[in-house]
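Asker: Given the coordinates of chain A, assemble chain B onto it according to the supplied hints.
2 protein chains.
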Amino acid sequence: MTNPQSTFRNTSFHGPSILATRRKTIARTTIKTQLDQFRQTGTYSCFELKWHPTYEDKNFLWPVPLHLFWDSDLAKWIEGACYFLASEHDEEIDAAVKYMVETIRSAQGEDGYLNLHHTVVDPKGRWSNLRDLHELYNCGHLIEAALAHKDHYKNDLLLEPIEKYVRLIRKVFGPGEDQLHGFPGHPEIELALVRLYKATGNQDAYDLAQYFVEERGNPTGQEGKHYHDWEAEKRGDSAWLRPNHYSEARAHWYCQAHVPLLEQTTIEGHSVRALYLLTAVADLLAVEKSGQHAFAKSDQWLATVKRLWDNMVDRKMYVTGGVGAIKQWEGFGGDYFLPQGTDEGGCYAETCASIAVMFLAERMLELELDGRYGDMMELCLYNSVMTGMSLDGKSFTYVNQLASSDKDKSGRESWFWCACCPPNFSRLFGSLGGYLWHYGSNGNGTTTDDVEAFINVHLYTTAKLTFQVSDAASIEFEQKTNWPWEGNILFQMKNPAQIKTTIRLRIPAWAKGKKFTLTPSSPSSPMPIENGYITLDPAYVAANPAFSLQIHGFEPRYIEPHPYTNQRTLTLARGPIIYCVEDADNTWETNHFKDVVIKRDSAVREEQRPDDGGYVALHSTCWKRSLEDWETTTTVQKAGVEPGREVGTEEMRLEDEREIVFVPYYYRANRGGKGHMRVGLLRG
Amino acid sequence: MTNPQSTFRNTSFHGPSILATRRKTIARTTIKTQLDQFRQTGTYSCFELKWHPTYEDKNFLWPVPLHLFWDSDLAKWIEGACYFLASEHDEEIDAAVKYMVETIRSAQGEDGYLNLHHTVVDPKGRWSNLRDLHELYNCGHLIEAALAHKDHYKNDLLLEPIEKYVRLIRKVFGPGEDQLHGFPGHPEIELALVRLYKATGNQDAYDLAQYFVEERGNPTGQEGKHYHDWEAEKRGDSAWLRPNHYSEARAHWYCQAHVPLLEQTTIEGHSVRALYLLTAVADLLAVEKSGQHAFAKSDQWLATVKRLWDNMVDRKMYVTGGVGAIKQWEGFGGDYFLPQGTDEGGCYAETCASIAVMFLAERMLELELDGRYGDMMELCLYNSVMTGMSLDGKSFTYVNQLASSDKDKSGRESWFWCACCPPNFSRLFGSLGGYLWHYGSNGNGTTTDDVEAFINVHLYTTAKLTFQVSDAASIEFEQKTNWPWEGNILFQMKNPAQIKTTIRLRIPAWAKGKKFTLTPSSPSSPMPIENGYITLDPAYVAANPAFSLQIHGFEPRYIEPHPYTNQRTLTLARGPIIYCVEDADNTWETNHFKDVVIKRDSAVREEQRPDDGGYVALHSTCWKRSLEDWETTTTVQKAGVEPGREVGTEEMRLEDEREIVFVPYYYRANRGGKGHMRVGLLRG
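Residue numbers (our numbering), protein chains in the order written: chain A, 283 to 966; chain B, 283 to 966.
Wrong hints could be hidden among the right ones.
Since the list gives no way to pick one copy over another, a pair counts as held whenever it fits inside one copy or between any two copies.
[What the hints assert, rightly or not] Calculated pairs, SDA-like style, for lysine to any residue (alpha carbon to alpha carbon, straight line, at most 25 Å):
{"#": "1", "residue 1": "K340", "residue 2": "N526"}
{"#": "2", "residue 1": "K446", "residue 2": "S288"}
{"#": "3", "residue 1": "K746", "residue 2": "D372"}
{"#": "4", "residue 1": "K691", "residue 2": "A533"}
It is worth saying that the hints were derived from the structure and are not from the lab. Treat the numbers as computed from the prediction; the structure is a model and nothing was measured.
Just chain A, with the same shape it has in the complex (with noise of 0.2 Å):
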């Protein structure tokens, strides 16, 4: 029972993927960008607290001045460079990060309260706006950079100045008399709170996440009234004052605090937000089936959990693995309401959205071992996140709509005032590995002897898992491939031959008629897939320490979105990865692709592209719709006639049959061109 932040430090990518290939454009380059974007904006040395031009810009979302993420900007980095210094040392990083940290301790009050915003600018402030000010956000970002900084450097440098600030908000929060019956607007402390719990025993940070997580949505927590309402009034803020991103007064669904979660029927506001607080859930429920500590209702969470992801996979997420219709709230709308882009009735799908779902996938995963977390996990990760950061690690996305337009063409940004996205990108990338398996034994002493052993492999891609399982033996387990481009994944596993090791392959849902083949054949054959995976047991893996694995399915697919979206769409897909057109590639393209057709029965060509170490582009042909009938339609209309044509035979008259190129999602807005992208076509 451990977070991925933690295991990933037993998995290398010592071969070539394009995860490592990633991965070094991280640690070479992403992260110092970011770092000069620090020194350049004045977040870097803004722990000094000195006074900055910037805290007095008004030219801000009310109430959120620019400066209000910069502890969780620097933490995040914190926590990324940790990360990556543990396979490659870089002295501008690892003094970057020593600096941060000395400037952190030294910014700390003396009761522990360790805030920027309300120690430099607005101290009378303090813990006055949870709703909006980020505050207790924040607050979670420092402690998993803490986290993250002991585990590197083996020191309490930055983990007692936040175990502090810790202590402190334990005493201001709580059900008692004289505590602030609180939770934060942006939910992030509760699951770096679970984190800490687990690393370090802190019952504080436990009871903390706990009370925070059932807290949230009372009615009636303070005074009789919701807390977002009694602070506000406490403020004396009129009752009718509210946040940009809230469309009306008292939307307190956007934070997930419109009634207790429990109560929650379906995924509502803010994406992030969202699957933050599920994450936090799922692991206070992953703490307790470790036996660890008791959760009350743990039934009640897990089928609030698996009611809101269902609601949410099922009905509030794009093809590509984006969640978040509505820009406003920055979050989901309504049942099937999925539009593809601006013009449409919008599409968000937030990078950082979808790194959330990974985060919820793999608690998930820990819990009960199901392909349709590992699935949403993969989908996820090669496509609406990966999409999130250029070839050159230099820019960014924040919004991956699956449809540009003229308002909002397909584009890339080197960095954002709210800068959520880019350093969550890289302290996923960095703590990937832990990503890619779960394992464990239960052995715990010196003895070797009848030690058992699990790995559940989730992702596959070239890299290499080393653990203990007893004092004296460790298992060395490695896998390679040449995923998610082809389907064979070689095995090759290394542990003392007294050790009973179990192991478990995801089998994606989307392989054809989930089709595998395994080499050497089990004596078990046909294996049974349960929930997604199958599973080695130890005598065929005493018998193979090398064994392969062969995912049929590789073959380009169309997918077509459900009737209820009224998107009459196909995206082609192949293995994991979702496609789109780009003009870059079609550049007879004018009007983001809205226009264009494509057939089911269409032959498709794989075309092997050697950039970025390699990928598949297809071919495909697309012909045009017309809209002649409509042009003449609309003189027409001008002359009267309703607002809608008369129906002709034809359903659809298309022309200009010719070829078309598509490219991975991930690949978009790295090749120049004019910005036009569509990942689902209409379907002819």
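Answerer: Below, chain B alone, put in the same frame as chain A:
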């Protein structure tokens, strides 16, 4: 150059028609039902200026208190009552009008000020919040009531205090240094002021109307600031405090004030506001065209109205004539964003908005005889407007979705706290005669020689028009038809022989191939259709005092929306009537016809039904879209497939072929049932 609210007096609905039926229902039932509502709510006697418990109600939509519309509710009722009193005297209604007028007179301040809220509840707040508090809007409706009152009662009892109020407003607002450079959040007073000017020559009224229209959207109008921002600052409001209807702070587009109107390229925001405003501009243009008063930049103003009209009709209007897809701001979404109901992303189509389309269309027809306006006036009247009142005249709709859902079933209410739609419906139908035709002559004296007259017929029904062309002579023109069910219209003309009368008749664009038969035929046959109208010259009219027009194309037809709407639907229409399906006829339906499929080549059978004076129901064949594959996929999905289904060979699997019955959309929600209704059905 006059308004339908005056010219209707020359028209009588002297024979049976659905319009006459509705008018009778309103005169006998609705006007009194509304009066009962006023008595129950306290609105009735509000101008006695006594305190009412409602004034303390805090359960309102900030900053709009429940009673804010009472002035205009009464005013609209008075206006409608005066229209109906013209055709049939009623003691109770007459007495109520007289009582209301008396109390309104007594409620006026010495300086002329006349507003319930700012007299009784918030005297200090006068002119402090033009953006939200409907002060000028209420005055606009009082002006319209006063004009209707004067026309009927032939006295100035109401007009006199209202003109005094207008003089006060003229002093307060304007370009002078000591004046406020404001304009109302909700346009209405502008069109009322132009009406007042036309009726009385009141120069203050003209100047104010033009000022409000020209000043609107000025980014630097008051002390270098947008007026609505300036007044908010003056009130001490936070810059981020905004009404619930505002999706974001400073969403001045909500009330068409984001930029000056001349610079607006798309129609945005609250649809009633947008259309009232454009109606005022069109009326200013009509004044200018008549030579009564100059209007600077009239060519630009005309281009603006037409540009925004086209944007609305071509891209933001439902097939029913409904406008406004977005509930939050009761208004327009992006181009082609036209989902049918709540569960598809929204649909609003407020009754008042379509009434306002009729207002604007009528004004445009006076400016430019073009069927594009006549057709839209008819489309709205018979569909999105007429659906707003029940057959018994006692219940109403505010929102007119094209598809019901569990959350928003198809149904009616007996009243609304913001009761704008019911009295708007009454006053429209009260003055409906004014929308049927425009007419006029150059006769202006005692002689009837050399007089030329014209009648432009926009709407077909059974009605008679009588108007003076000289002191001694009048024209009597009659149409008789079973419209909208049949296309044959008999015309009868009585006019002095020496008057040269030109008659123009609209040929609806939906008439198949614009076919029509004129009997007796014209010597200039085939008669050209110019801008949607045919012209009968004085020679024809003189030779044929009785003639008939047969409009062809009453066969049921299917309409599909623009492809960019992403709606793959068919809507059944017949003549000007748009059809829907209801579970009252199709009792087998349990899911709002969401999966019901029709095909364009299915036979459609007509059924004459005797109810409501007779109407045509339609019978065709439907299927159910099978979601079985999807339900299976959902199971697979739970084992982890991407959010979408791999494409099979069939695009849509159909089952359960059966008969389906269609009724006019205006007829919906009159016969019980479970509230399942849909206009556009899936296209098979």
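Asker: Now, for every hint given, state plainly whether the structure supports it.
Answerer: To see whether the hints hold, each was checked on the structure:
{"no.": "1", "hint": "K340 with N526", "result": "both (15 Å within a copy, 23 Å between copies)"}
{"no.": "2", "hint": "K446 with S288", "result": "within (22 Å within a copy, 79 Å between copies)"}
{"no.": "3", "hint": "K746 with D372", "result": "within (23 Å within a copy, 93 Å between copies)"}
{"no.": "4", "hint": "K691 with A533", "result": "between (30 Å within a copy, 24 Å between copies)"}
The structure is consistent with each of the numbered hints, conforming to all of them.
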